[in-house]
Amino acid sequence: MSQNSQTPRTLQTPKTKIVASTHNVVIVNQPMVRTFSTGGGHGPEDTLVEGDGKIVTKKWQGYPPQNLNIIGKPNPPMPEVAIPRYTGKAEYASRVSYPNMVWIKLLTSPHPRAKIRKLDVSQAEKMPGVAYIMTPQNAPSAYPLPQELFFHGELVAMVAADTEDQAEDAVAAIDVDYDVLPYASSLDQVMAPNAPDLSGAGRGNVRRQLAQFGDVDKGFAEADIIKEFTYRFNAGLPVPIQPGGGVAKWDGDKLTFWGFGQGIYPQRAAMARGLGIPETQIRFINKYNGCTLGGSLSLSRLNPWIAHVAKQAGRPAKLQLTKGQELAFLQVKPQNLQTFKVGATKDGKITACQRTFHVNSGQAETAGGGGGRSELYIHVIPNWREIGFMYRTNTMQTGPSRSNMQQEFKFGWEQMMDEMAEAVGMDPVKFRLLNVQKPGTKISIEQGGPTMSIMPESVGRVLTYDSYASVEVLEEGAKVIGWEKRNPVAGSGTGRFKRGFGVALNQHHAGRVGYHDGEAGFKFVTERRAGQAGQGGGPDVYTGHVDLTSDGHIVLHFAQPDSGTNHATSMSAQVGEILGFTSLKNIRVIWGDSEQSPPAPGWNSGLTTQLQGGALNRAADKLRQDLLARASKLLKVDAVALQIRDGVISSKDNPAVKTTFAALAKANNNGVIRSEGKCCHPGSIGRSMNRGVGACFAEVEVDTWTGDWRFVNAAYCHDSGNIVNPLLAEGDMNGSLVQSMQVATEAIPWDREFPGTTHYSVGFLSYRLPTIMDVPEQTNVFVNSLEPRWFFGCKGFAETAIGAPPGALANAIYNACGVRIREHPITKDKIMAGLEALRAQRGRT
Amino acid sequence: VEYSRRNFLKAAGSSAAALTTVATGAGAVAGAQTPAPLAVPVPMARETATFNINGKPYKATYEARTTLWEVIAVKLLLTGTNRSCNRASCGACSVLLDGTPFYSCHTLATEAVGKKIFTVEGLGDEKNLHPMQQVGYRYMAADCGFCTAGWEVTAKALLDKNNNPTVDEVKAALAGHICRCAAYPAIVRTVIDTGKVLRGEAEIV
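Protein sequence lines, in the order shown, are assigned to chains D and G. All residue numbers for the first sequence refer to this note's numbering, where the first residue is 273 and numbers rise by one. All residue numbers for the second sequence refer to this note's numbering, where the first residue is 3 and numbers rise by one.
In case anyone wonders, no lab produced these hints; they're calculated from the structure. Beta carbons: idealized from backbone N, C-alpha and C, even for Gly. Just to be clear, a hint being listed does not mean it is correct.
Simulated coverage check for chain D against chain G, where a stretch passes if three residues somewhere in it have a Cβ under 8 Å from a Cβ of chain G [to be verified]:
| no. | region |
| --- | --- |
| 1 | 365-374 |
| 2 | 831-839 |
| 3 | 885-894 |
| 4 | 999-1008 |
Here's a subset of chain D near chain G, in silico, CB distances under 7 Å, partners left out [what the hints assert, rightly or not]:
| no. | residue |
| --- | --- |
| 5 | Lys287 |
| 6 | Val291 |
| 7 | Ala292 |
| 8 | His295 |
| 9 | Tyr358 |
| 10 | Thr359 |
| 11 | Gly360 |
| 12 | Ala362 |
| 13 | Phe501 |
| 14 | Gly562 |
| 15 | Thr594 |
| 16 | Thr1043 |
| 17 | Met1045 |
| 18 | Val1047 |
Work out the full structure, taking the sequences as your base and the hints as a guide.
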């Protein structure tokens, strides 16, 4: 077609079309047939056999990553979940209000360790608007307030009044006196010779861990270069934005509770225990959260008290914590001190590694405290020894908080890798490529380290990685960031502003689920916990319902609250593909309400799409078989000869012979066809082990006059399997990077506010969080490693790279200006001090 | 006594202090030594006023020390505006007063009397979404959504004055808003492209 003067002229340029789209994403596809496949994998000799009523192999669980219509597209999230966020109608617990509701305010301990000597509420009770005051004297007997206050900010009393201000006035009017006890809050204090005895409550002062593999002495003897390093991490916390708390409303002996967290059934069970009532008397609702980030899991310990106050006040009650008080009840990334002795050959092979670590594990440590490190099973270390000390201290609870034991340990480990690479004269990417696990590498649980041996999937004793993109996350990331621009010698750039590049590796959970591997687990777990499914965490059974309604809609019912995770959308995409839809248009979701959602444990570790999604996928798979059977009977066509597309089931040979989902539902007795699916963590029975791996590449710019620095560019790389929705994945990973960047640059301000005593800040004012001015240009690199054990080749990846940014940033700053920050957090003062030291050194030589 | 907004506002009294004074004062107090406990007047003086919110009149009776957020979200139940830090540092609770963004957690209710108050409820609802809400939905400008109501009204204030802002202008306008999900790149894209829609250069499909 030629363009000539005949073409009608228009004064208007065509309008830009605004469609759902990603910002900065690179997807690297691996071939579907790979030679390294093992186990449930997909080898070159394998033939995919797939189809309704035919063979369902473990490869892709019968649903291969081919001919997809929804998965892989940047669909906007489910509108019923996402639109209310833009209109101010998302139902966060903090928005819930009832007529005649009272507001709760807390009296908390101003000391890190104390006993209450005197507590007199007689004046406070007379204050205007006060409805009820809960103290250790009248707290529920099954859920008492602590007798000994073990950390600054521990709960002493709860006051309920008509307004927040009145409740705060009454808190101020409580007459309280404490016997202050000797305390140890920081690592320095607890490791000092005069540290107080803090054993008790089933815990000693220190928990020791010793594990080893091979012969470290032999390994060091084989080394050409031996180096020692020390790193310190000073605790961190990716604080959520929604204020913690909840709303309780009693109708007779029935309780409705609006909560905040990462699961409704575990919280409901804990409340029932605390209140001494049956679980079924509690309707637990938690649909939306303003982030939870793992750290807020520990806030649920306040729930039974909120409900108790509401009961005693005879009115609905609401708690919305202040940020300063909230920090004390969140679980934090613990402070630690790590020392390494590492040996390597001159061509860069690590021969031995000995690590000693001291962890400040707080007043209580949750699952994995000190035990979730994955460094030893990312790498192939032939000889190692790990000596750990986990101290009980007078600080808040420690535990998973935007990953478990990743950033805090990898801040040291990944700098050690960088320093060893330099010591052997190797590029840090090449050094890592030489020492990491790769597809096909076999690793015994003994070699994989103490944390691997506590992972039940290692029962098989030897693990072989197959879908594992360690090489790709490093090589593709290096391409995206422009690794060749890295300074060959640290700090060798010229001028006031110096750029530098750093890399760090990470691996965390993710992808470690094979659906069918978990099938035997359902039986095992349900038999073990008959009648109690959904009450606990960990290995319990996730249940999902997929309903077909008489208007042809598919409705997913599941328990998991949404913290910005948007898992409803990725789970709907998988269910939609299974049921032959080409869009999400006919799919609806109902979630986060114990009266409408079947039981399930909570979500964590980036496994929602796999665990809760596994249950829904299973339900959808069953529904598909069921609908095909019904259609086969109705149309008198063999099920194998039928096809499904957008709610129409037709004969492949004669598409005119057809019926619809809606018609099949209408023909059913009640107009709805419900399908139930279950999934459980394969860890319950000790199977499956595929994991995800991630890398962070950082480019920074250091102002050598002031020590100020900027995070300029990031290539954030994930072994993600087949990406269900790149738009959501990008949003998720932008948060992951920036939350981890914050962990790198801000410690919990142990001593800043009230030196020596307090261990949390006054809130966002002193706990600096990255703003729109602080974040880098971020490219997310997703390596489609095609997980062979999962529907459509997908795997979880929410935390595969999350531990890497702190180490990557420290390494990039070193490369930019030659200053090594071995003590967290990274601050301009430390950079400036390092630059001054370098200048002084140069002055002397 | 822990520093709190309540204590600070008691010190400020119910006089119509400008927001900038309040915000600066909050920062100064937080960094200082423990403030002395303040006498609590019992009972507090009460006021009644009519507020013009999103073009509609709302009558409320409140204690003189009550913040604008408490009147809007607690008394009048326009709960779309989320309060997070309650320390004038995160921006989640932002509303517009006569077209200028204010942190409603650190604005006394009495200061807003006689001004035009604009909240997220005025932007658009699910049946009549504002272009910014439609573009944001397509770009994932809200992950968890808790900060969204705040930056949306601030961005609207920006676009009302300048419907063709640069990236740096958008960032400068939104620097007072913390998004813990770090949807920042998507937020910038959303505001820039909403400008295009408002100028008639782009259409939402």
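Check each numbered hint from earlier against the structure, then list the numbers of those it violates in ascending order. 3, 13
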